[in-house]
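Asks: Here the protein sequences come in this chain order: A and B. With the numbering used here, letter number 12 in the first sequence gets 12, and the count goes up by one each step, no holes. With the numbering used here, letter number 213 in the second sequence gets 399, and the count goes up by one each step, no holes.
Keep in mind that the hints were calculated from the coordinates and are not lab data. Hints are supplied without guarantee of correctness; some may be wrong.
Covered stretches of chain B (chain A as the covering partner; in silico rule of three or more C-beta atoms under 8 Å from a C-beta of chain A) [stated by the list, open to error]: (1) 388-401; (2) 576-589.
Listing some non-contacts, in silico: residues in chain A with all C-beta distances to chain B over 10 Å [as the list claims (entries may be wrong)]: (3) Arg76; (4) Ala98; (5) Ala99; (6) Val107; (7) Ala167; (8) Gly182.
Here a beta-carbon is modelled for each residue, glycine too, at the ideal position from N, C-alpha and C.
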Amino acid sequence: MRRTVMSSAAIALIFGAAACASKPEPEPVADTAPVSNDTAQTEPVDESDIEEPKRVMDAGPAAGSIEDFTVNVGDRVYFDLDQYRLDQDDQEILQRQAAWLESYPGVRILVAGNCDERGTREYNLALGERRANTVKNYLVSLGVDPARIETVSYGKERPIATESNQAAWALNRNGFTQIMSGAASS
Amino acid sequence: MLRLMTVAVLTGLLALIPAAKAEVTVNISEGVLKPTPLAIPTFEVSGGADSQLAAEITEVVQNDLISTGLFTITPESAHIQRDLSIDTQPRFADWKIIQTDALVVGEVDTVTVEGVEFIRASVRLWDVYGEEVMRLEGQAGRRFTAKPEDWRRIAHKIADTIYSRLTGEDPYFDTRIVYIAETGPKDARKTRLAIMDSDGANVKYLTTDNNLVLSPRFSPSNQQITYMSYENQEPRVYLFDIQNGRQEVLGDIKTFAPRFSRDGESVLMTKANNGNSDIYIRDLVTQEMRRLTDNPNIDVSPSMSPDGRQVVFTSDRGGSPQLYIMNVDGSPLTCPSGGRDTVCRITFGSGAYSAPVWSPRGDLIAFTKQLRGKFHIGVIGTDGEGERLLTESYLDEGPAWSPNGRVIIFAREPYAGGPRKLWSVDLTGRNLRQVPTPTEASDPAWSPLLN
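All chains, please: the whole structure from these sequences, using the hints.
Replies: Take a look at the structure:
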């Protein structure tokens, strides 16, 4: 959400600059070479509305779609080893998730808790429950109706990275927000 | 003259025991360093029995005994006496000279009962140096009869008889193992509930691979399995009847890590409430679900003592996963580390402990230990003393006991990304060997002895 706002502002600035440059005024002819340190002296800026940018086909996922959620919001938060605490990055992602869910109140989600392979199967099922529930609780604290959120633990049974190294394990320790129903078609 | 086959780690012990008292016995409590040589010539046939079948039965008997690591089988090419009969005494000198301690003589025939044909195998065990028959269950030999398709069970029962007679241990070959068959890449893994004979033969799949299934465990008293399935995206504990293939829901949603009580009348399991896992026990008759632990930390993977009075489980209440013991009735107990409490921690070593399983003998608990980047299968006394690590690899986990408490089967990923397979190891840490499965495999659990 925030990223979208920022990019609109950037586009407006560029348009503004272009409008400015394309509006030539007759320049006074000076006898002498003007020597001026007065940088404050600028052309007047005309301000006018610009149109909303048109959505171009294939330029991005449809608003409210699962792809929109995945690409523009972020569907996973990542946990430290043996932890289920949410750090600042995780909280920002979940804040975006909560805002998106507020925009699309018909959407229901399943939060899955996942673990890396460096633990035993049943303990990891319990740890995954912890992680899924931590995500759910944070979303609820941001105003998402708990009735819209199911949780599940897959323990270490659903890795997304198949390598066996620190980077892969870090990716596999996650809370995955899956949209179950109510999303726009993309 | 009798010869003592006991293999004792304490050297010199052998010489102190009067030879006259000895017979062929294998003391396996300290782990066998030198296997006992047995001769098991291919069983004879009579009464129109199939000689190929007799050869196959003999081979299964030999392989069962070899798999214990306690015996070697003398090669048939070395045998001198070729006219063995189950009805006559062997020429002991012919077997002594090839240094065979015991001789198994078998015969396969067929019997027809009310028009139905059965196969029958008879077997005698001879003490070569003692020059006498070794009585089996008090008899001068044993005879097993079964339908032709159950010929492997006859072979396992013969092996069980010989194993028990020579070691004094309870048998375990005529059993089955349930496990999770795994196929496909790690990020798209398919799992099925599978069952096989203890030697890996007769694999059957009990479920399709549509749902993630985990943690199957045998009932100690009947042909039922409890396990966890993600059917309908709702993970919970189920009961599966092997005989009729019926499956019934046993636990609420978010129940997992099930295990039967020792009497088979209850199932221990873990249930997550709002993200927090605790231990419960469900009575299979009344369907009452009783909570055993109520702790804000993870409590998971319960396993009951053989006397049915205590439960061992994994908890991270101490900051890392460790093993804890409690009384099933919730009453306080005296903790090994001192004091009385309703829950006692029994592991204090470095590393993480999980997946505890109480031995059928009651004195040991097997576990998975994670230490410095390696995984181990280990055992520890119920008082927290005498920890021993039996294995080490990239990933060893999920131990299960043979019904006689001598062998532990577990899943191993030998190196990162390596094939996940079932392995077994003797209680002493010796005789590590792979148990063959057609696919990758995990979560093995042993059945009780078949009838």
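Asks: Would you assess whether Ala167 of chain A, listed as outside the interface, keeps its beta-carbon beyond 10 Å of every beta-carbon in chain B?
Replies: It holds; Ala167 of chain A is separated from chain B by about 13 Å at its closest Cβ, greater than 10 Å.
Asks: Just double-check Ala99 of chain A for me: nearest Cβ-Cβ distance to chain B has to come out over 10 Å.
Replies: Given a closest Cβ separation of 24 Å, the condition holds.
Asks: Would the non-interface assignment of Arg76 of chain A survive a Cβ cutoff of 10 Å against chain B?
Replies: holds, 14 Å
Asks: Determine whether the non-interface label on Ala98 of chain A survives the test: each CB of chain B must be over 10 Å from its CB.
Replies: holds, 18 Å
Asks: Check whether three or more residues of the stretch 388-401 of chain B sit with their beta carbon closer than 8 Å to a beta carbon of chain A.
Replies: holds (count 3)
Asks: For Gly182 of chain A, is the shortest beta carbon distance to chain B beyond 10 Å?
Replies: holds, 16 Å
Asks: Val107 of chain A: least C-beta distance to chain B exceeds 10 Å?
Replies: Given a closest Cβ separation of 17 Å, the condition holds.
Asks: Can you take a look at whether the stretch 576-589 of chain B is actually covered by chain A? Rule is 3+ residues, C-beta closer than 8 Å.
Replies: holds (count 4)
When each numbered hint is compared with the structure, no violation occurs for any of them.
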